[in-house]
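Could you build the full structure based on these sequences and the hints that come with them?
2 protein chains.
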Amino acid sequence: MKDPLKDLNITDLATMEENGDFAIVCLNKQRHSSSSSSSIEEKESNRSEKRRVKPIALDYPKKNGEILSGQYGINLLLFGIALMLGVSYHGYSIKEKHLLSFITTVMLIQLLWMLWYVVRRDRQKNSVPEKDSHAGTRWLRGGLTILALLSLIMDAFRIAVYVGYKECLSPTLGVYPVVHVLHTVSQVYFLWFHIKDVIKTCQTFERFGVIHAVFTNLLLWCNGAMSESQHFLEAHKKRLASLGFINYTGGHDEPHCECAISSCSMFSKSLYYLYPFNIEYHIFVSAMLFVMWKNIGRIIEHQHKREKDGLRVTRLVLGPILGLVALAGTITILVIYIMQVEESLETHRMAISMFYCHGIVMLACMCIAGTLGLILYRLDNRPLDASKNPSRQLDTELLCGSSVGTWLMSWCSVIAAVATHSNPRYRWTILAYSLLLVLEKYIQNLFIIESLYRQQEAVVEAEDQDKEEEEEEEEGGGGGGGGGEGGPSGIFSVSSQVPSCRGIVNQAFTNQENVYVSLNSSRLRNGNVPLCSLNQELQEPPVVPVSQDRAGKPDRRQILRNIAIFLFLCNCSLWLLPAFGCRPQYDNGLEQETFGFTIWTMVLNFAMPLNLFYRMHCVASLFEVFQHV
Amino acid sequence: MKDPLKDLNITDLATMEENGDFAIVCLNKQRHSSSSSSSIEEKESNRSEKRRVKPIALDYPKKNGEILSGQYGINLLLFGIALMLGVSYHGYSIKEKHLLSFITTVMLIQLLWMLWYVVRRDRQKNSVPEKDSHAGTRWLRGGLTILALLSLIMDAFRIAVYVGYKECLSPTLGVYPVVHVLHTVSQVYFLWFHIKDVIKTCQTFERFGVIHAVFTNLLLWCNGAMSESQHFLEAHKKRLASLGFINYTGGHDEPHCECAISSCSMFSKSLYYLYPFNIEYHIFVSAMLFVMWKNIGRIIEHQHKREKDGLRVTRLVLGPILGLVALAGTITILVIYIMQVEESLETHRMAISMFYCHGIVMLACMCIAGTLGLILYRLDNRPLDASKNPSRQLDTELLCGSSVGTWLMSWCSVIAAVATHSNPRYRWTILAYSLLLVLEKYIQNLFIIESLYRQQEAVVEAEDQDKEEEEEEEEGGGGGGGGGEGGPSGIFSVSSQVPSCRGIVNQAFTNQENVYVSLNSSRLRNGNVPLCSLNQELQEPPVVPVSQDRAGKPDRRQILRNIAIFLFLCNCSLWLLPAFGCRPQYDNGLEQETFGFTIWTMVLNFAMPLNLFYRMHCVASLFEVFQHV
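Keeping their order, the protein sequence lines are chains A and B. Using the UniProt record's numbering, the letters of the first sequence correspond one by one to residues 1 to 629. Using the UniProt record's numbering, the letters of the second sequence correspond one by one to residues 1 to 629.
Treat the hints as calculated values from the structure; they're not laboratory data. As the structure is a prediction and not an experimental result, all values here were calculated from the model. There could be a bad hint or two in this list.
Computed from the model, here is a short list of chain B residues facing chain A with C-beta under 8 Å [claimed, not checked]:
1. LYS63
2. GLY70
3. LEU78
4. LEU384
5. CYS400
6. LEU408
7. ILE415
8. ILE449
9. GLU450
10. TYR453
11. GLY596
12. VAL603
Derived lysine to aspartate or glutamate pairs resembling EDC-like cross-links, with alpha carbons at most 20 Å apart [stated by the list, open to error]:
13. LYS294/A <-> GLU450/B
14. LYS95/B <-> GLU167/B
15. LYS238/B <-> GLU346/B
16. LYS238/B <-> GLU342/B
17. LYS269/A <-> GLU258/A
18. LYS269/A <-> GLU342/A
19. LYS388/A <-> GLU450/A
20. LYS238/A <-> GLU343/A
21. LYS294/B <-> GLU450/A
22. LYS97/A <-> GLU167/A
23. LYS237/A <-> ASP587/A
24. LYS95/B <-> GLU593/A
25. LYS294/A <-> ASP385/B
26. LYS294/B <-> GLU397/A
27. LYS237/B <-> ASP587/B
28. LYS237/B <-> GLU593/B
29. LYS388/A <-> GLU301/A
30. LYS238/B <-> ASP587/B
31. LYS97/B <-> GLU593/A
32. LYS237/B <-> GLU346/B
33. LYS294/B <-> ASP385/A
34. LYS97/A <-> GLU593/B
35. LYS294/A <-> GLU397/B
36. LYS388/B <-> GLU301/B
37. LYS125/A <-> ASP197/A
38. LYS95/A <-> GLU167/A
39. LYS95/A <-> GLU593/B
40. LYS237/B <-> GLU342/B
Note that beta-carbon positions come from the ideal geometry of N, C-alpha and C, so glycine has one too.
What follows is the structure, given as structure tokens:
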């Protein structure tokens, strides 16, 4: 007889394991993988092995492993940032080649680790590794592969530029793109085949490997974001000089010799159109690897995959149409802006006004869409999914964290618009735009996070049915054997109707919102399920086939899907604008008047990369929302 | 018969509640408090109340409440920071009075909320609120009260300065310290009587109130830190001007009229010696309030308070002596530095060299002490405490988070020392000092975090005993009924020796490090404990009286206590130096050469407040370590 008891307590053990109990270092490699075959001899040999190992105390608490490796990663990044600060000063002691050599070394170390990991995994082919099904969905990996391809093209351009100028460039600038190509190719392979792995052996060492990979990618992101802002700032200064505002002589980014091949300038110019993709690629990879790091040593609970829906597109009309209109409008604005902003002072101002008006319309629509979504959720209140999911947890934190950049920028604009003594024509437009920007992110974050955390409809409906049955029963039976055995606090009472095993009903919780408990206790009374699996079910509501339930409420779901697809396309648009150089925050002059050039540039250099990441991250999250709503 | 089953599943329910299930808004106020009395009538009335309430859907998922209020708090802070950036530009549109009016408003709102909270709590006197015993220990609150008193003195000085200059100062500068006095007094009252409260009613509203208080204090911290850095920078420039390095005319911080009372300048000068205390006060309060915010709606598990030890001071010799020597040395260095650095160029350089040499000795000793502590922990490996404790969790994150500032500063110094083309006399001293600083924080963080997470000795020893018994038994019985019932994965097997209820032994976990499980299964076999409480015990190891066990290993514990007290005094010293103006990073010129004045000042303005907070936070954490080791 297949015993339903055998899964009991997996969640408790997972909690123990995750909150900081022992992770055994390499010596005990095969321990976990061997636990799948449960012959007595093996257990005996394991036990004796443990006896031998114990006095050496090679086991190391998980918490320490995390702190050790986390601190290493932070310092790696900070060293890189310190080098970048040195480079950005354009002093005589720290040059770009120093920074690039450091990054190249770091990438090579990551390559070595990945090689080691893959080879070791291949050797352990007989033991199937545990996988976290939530980490790195297929479409996310697909998207990253496309970004990686664009990064490869960028590397090719870089190599071409190096070949052209190799007379006067340091060899590091030639080695760097070659290593980056290797790094990108092998990292994409790693993402496809190993990102879901839950590492159980050599934990402390692997933690260092994975965190090294995380921070290597963060370093590459920082470097990309810095180069990009610097390039943009130089272009901006040149533009101001051409309009006669400032006197600007030469930049720092051009080599001081003739190019040996033709079309050199074509390569170096196109390079900057590929930067945004490269930047997004690295930050997304580092987020995925971070989830892998969080998963090390985790005991995965039973994960019910959300049922796939085959992306039904029926009645998906309004959302996509409005979204495509927004996208088309944005691309038009982008082209006009880039053309007009360099022409004359009058067209320059026209372009800025146009940008802000377009932004106000878009953000207002997005606010309305998000609010509508939240209202729909409030109309159908339900408990949020409480199962452990580091991937989703990280999504939430990144959404709120990366909003900080834009929020700071917006509040600066608001203050500048209110406090300015001059009265530029787009003063109030900027004020409205900035306030809407704050509001839009506020609402959108709420919408996305609630969407990601909501339980599937079917689960809740099944629970509701059970609850109703339960309540009817309870009213008849007057609480069963409840109150009698109340202890000192009386919060927990025991229903003694189940033979040989006891059902526990938490009264405090029942009073509050008793979907789970009553589900279980009603089953208990029906005698279907042995009591001791109650705990298991408490944490994992059963999944009931979904299709028929879903069909019942098509309207609400269709509206939500339309909202998701609309927001998806709007966020794509709002990513496009700054990514391809449409940044009127540099050009409008209002904030510079209030905060001064240095402070305002500093704010923008902080906010812009975060804003770009925020939009891309929203695009990814909204796609997930769209798939599963 | 007192039934041990009644506590089963409290941790599961807590998990469900905390991960994002329903928080009922004000309408259901009394629900929780009434659950302690379990009469049937009450349950019935609760149930019918719930029926009535449900269609209105006033309940709101906890996750959403958190995101809603968290985002509000972040925006409050960012608006304040934007104002500060405006003030620091010294432009003509944003003045200090605007910033202070904003902060005053925010403080007044917090005052109103606290008043409302206290009044409402007083009315509900009959229901005893749940408390989180880990939040805000008594000595921490005591320390904060002292800091608050110093803040009050500072406010008095501020009022005196305002009275002196009131001719030419905005009234806001007079209102601000008065409101701050009110705010400080009532906040200290709140800390003493309500900081441990676990709020269960009006959750969404209370979340806004608490987060508002958190970010008000963060805002006050930012404002203090900014004023302090600006003041320091001005003093530094004046000093450079007096040494003939630069040409500096006048600061921004002096009013442009005569003072009406005598000793005005005494007041305004003493003000800056009180700043450090005020700054620490606000950041600590905001951390404590943050823990209160995390606790809202939480179901507190049974918290076993660590046994008090009465601070035995026997054999506490080496640590305190060495620590006091370090402290005395530091104070000497501080006085000499402040005197010498303004005299001549030669004494200026002498003072800087002296500071770094002193630092190297201290940091090296601290590294050795920390390493010794970690080795002692490795000699006595034990599982870390996994129970939920937001306060400790925050401590860990703040330790690592606030280290980032110093690490960045140190890596910049390292790069500057290596890359510099000139060869100042303290080049290698700075290099050694910076590397040691990185290493010291790395080791100290590991030591403190492991100390905070380690279980009490007694618990583990009791478990070890049980484990040994268990292992002997197991070897005799050959694994019992283990392998037979292995399911698809075979990780869990069921021991069928216990009548009427089944014991589950996780083989994977058993192989790994089976303190908990074997403890339980051995009891099971002895038939002492009914099976279903196994789960409960799994998560909460029993607390055995400690004293006799502790006496057994006096040496190791005494060494650890000596280490803790030594590190405590060292961190006090390292806080004193920068807090009272000993910041040679501004004076040595090495990093300015490599990074330029702007970038290096920016780095220092970021790193210094974090560093000060880090030291203070270490002092608090080490005191806790000292008490409980």
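Comparing the hints with the structure gives:
1. Interface hint status for LYS63/B: upheld, as the beta-carbon distance to the closest one in chain A is roughly 5 Å, under 8 Å.
2. With a least beta-carbon distance of about 7 Å to chain A, the hint placing GLY70/B at the interface is held under the 8 Å criterion.
3. Residue-level restraint check for LEU78/B holds (minimum Cβ-Cβ distance to chain A is 5 Å; threshold 8 Å).
4. The beta carbon of LEU384/B comes within 4 Å of a beta carbon in chain A, closer than 8 Å, and the hint placing it at the interface holds.
5. With a least beta-carbon distance of about 7 Å to chain A, the hint placing CYS400/B at the interface is held under the 8 Å criterion.
6. Interface restraint check for LEU408/B: the shortest CB-CB distance to chain A comes to about 5 Å, inside 8 Å, so the restraint holds.
7. Interface restraint check: ILE415/B against chain A, minimum CB-CB distance 5 Å, threshold 8 Å, status holds.
8. Here the hint on ILE449/B is kept, as its CB sits about 5 Å from the closest CB of chain A, short of 8 Å.
9. Annotation: GLU450/B was flagged as interfacial toward chain A, and the flag holds, the nearest CB pair being 6 Å apart, inside 8 Å.
10. Interface hint at TYR453/B: satisfied, since its Cβ lies 5 Å from the closest Cβ of chain A, which is below the 8 Å cut-off.
11. Because the smallest distance between the Cβ of GLY596/B and any Cβ of chain A comes to about 4 Å, under 8 Å, the interface hint for this residue holds.
12. Taking 8 Å as the C-beta contact cut-off toward chain A, the hint placing VAL603/B at the interface holds, the least distance being around 7 Å.
13. Restraint check for LYS294/A and GLU450/B: the C-alpha separation of about 19 Å stays at or below 20 Å, so the hint holds.
14. The suggested pairing of LYS95/B with GLU167/B holds, with an alpha-carbon distance near 17 Å, which does not exceed 20 Å.
15. With a CA separation close to 18 Å, the supplied pair LYS238/B and GLU346/B stays within the 20 Å bound.
16. With a C-alpha separation of about 10 Å, the suggested pairing of LYS238/B with GLU342/B holds against the 20 Å cut-off.
17. At roughly 16 Å between alpha-carbon atoms, LYS269/A and GLU258/A fall within 20 Å of each other, so this suggested pair holds.
18. For the suggested pair LYS269/A and GLU342/A, the alpha carbons sit about 17 Å apart, so the restraint of at most 20 Å is met.
19. Between the alpha carbons of LYS388/A and GLU450/A the distance comes to roughly 16 Å, so the proposed pair stays at or under 20 Å and holds.
20. A hinted pair counts as satisfied when its Cα atoms are at most 20 Å apart, and LYS238/A with GLU343/A qualifies at roughly 13 Å.
21. The suggested pairing of LYS294/B with GLU450/A holds, with an alpha-carbon distance near 19 Å, which does not exceed 20 Å.
22. Only pairs whose Cα atoms come within 20 Å are accepted, and LYS97/A paired with GLU167/A is accepted, the gap being roughly 15 Å.
23. The suggested pairing of LYS237/A with ASP587/A holds, with an alpha-carbon distance near 10 Å, which does not exceed 20 Å.
24. For the hint pairing LYS95/B with GLU593/A, the CA-to-CA distance comes to about 14 Å; that is within 20 Å, so the pair holds.
25. Our distance criterion of 20 Å between C-alpha atoms is met by LYS294/A and ASP385/B, whose separation comes to about 19 Å.
26. Of the pairs offered as hints, the one joining LYS294/B and GLU397/A holds, with about 15 Å between alpha carbons and a cut-off of 20 Å not exceeded.
27. For a cut-off of 20 Å, the pair hint linking LYS237/B to ASP587/B stands: about 10 Å separates their Cα positions.
28. With a CA separation close to 17 Å, the supplied pair LYS237/B and GLU593/B stays within the 20 Å bound.
29. Under the criterion of a C-alpha separation no larger than 20 Å, the hint pairing LYS388/A with GLU301/A is consistent with the structure, at around 8 Å.
30. The hinted pair formed by LYS238/B and ASP587/B meets the criterion: a straight-line CA distance of about 12 Å does not exceed 20 Å.
31. Distance check on the hinted pair: LYS97/B and GLU593/A sit about 19 Å apart at the alpha-carbon level, within 20 Å; holds.
32. Between LYS237/B and GLU346/B the alpha-carbon distance is near 18 Å, which keeps this suggested pair within the 20 Å criterion.
33. A C-alpha spacing of about 19 Å is found between LYS294/B and ASP385/A, which places the hinted pair at or below 20 Å, so the restraint holds.
34. Proposed proximity of LYS97/A and GLU593/B is supported: the alpha carbons are some 19 Å apart, at most 20 Å.
35. Annotation: proposed proximity of LYS294/A to GLU397/B holds, straight-line Cα distance about 15 Å (limit 20 Å).
36. This hinted pair checks out: LYS388/B and GLU301/B have alpha carbons roughly 8 Å apart, not beyond 20 Å.
37. The suggested pairing of LYS125/A with ASP197/A holds, with an alpha-carbon distance near 13 Å, which does not exceed 20 Å.
38. Among the hinted pairs, LYS95/A with GLU167/A is consistent with the structure: their alpha-carbon atoms are about 17 Å apart, no more than 20 Å.
39. In summary, the hint linking LYS95/A to GLU593/B is supported, as the alpha carbons are separated by about 14 Å, within the 20 Å threshold.
40. Under the criterion of a C-alpha separation no larger than 20 Å, the hint pairing LYS237/B with GLU342/B is consistent with the structure, at around 11 Å.
In the structure shown, no violation is registered for any of the earlier numbered hints.
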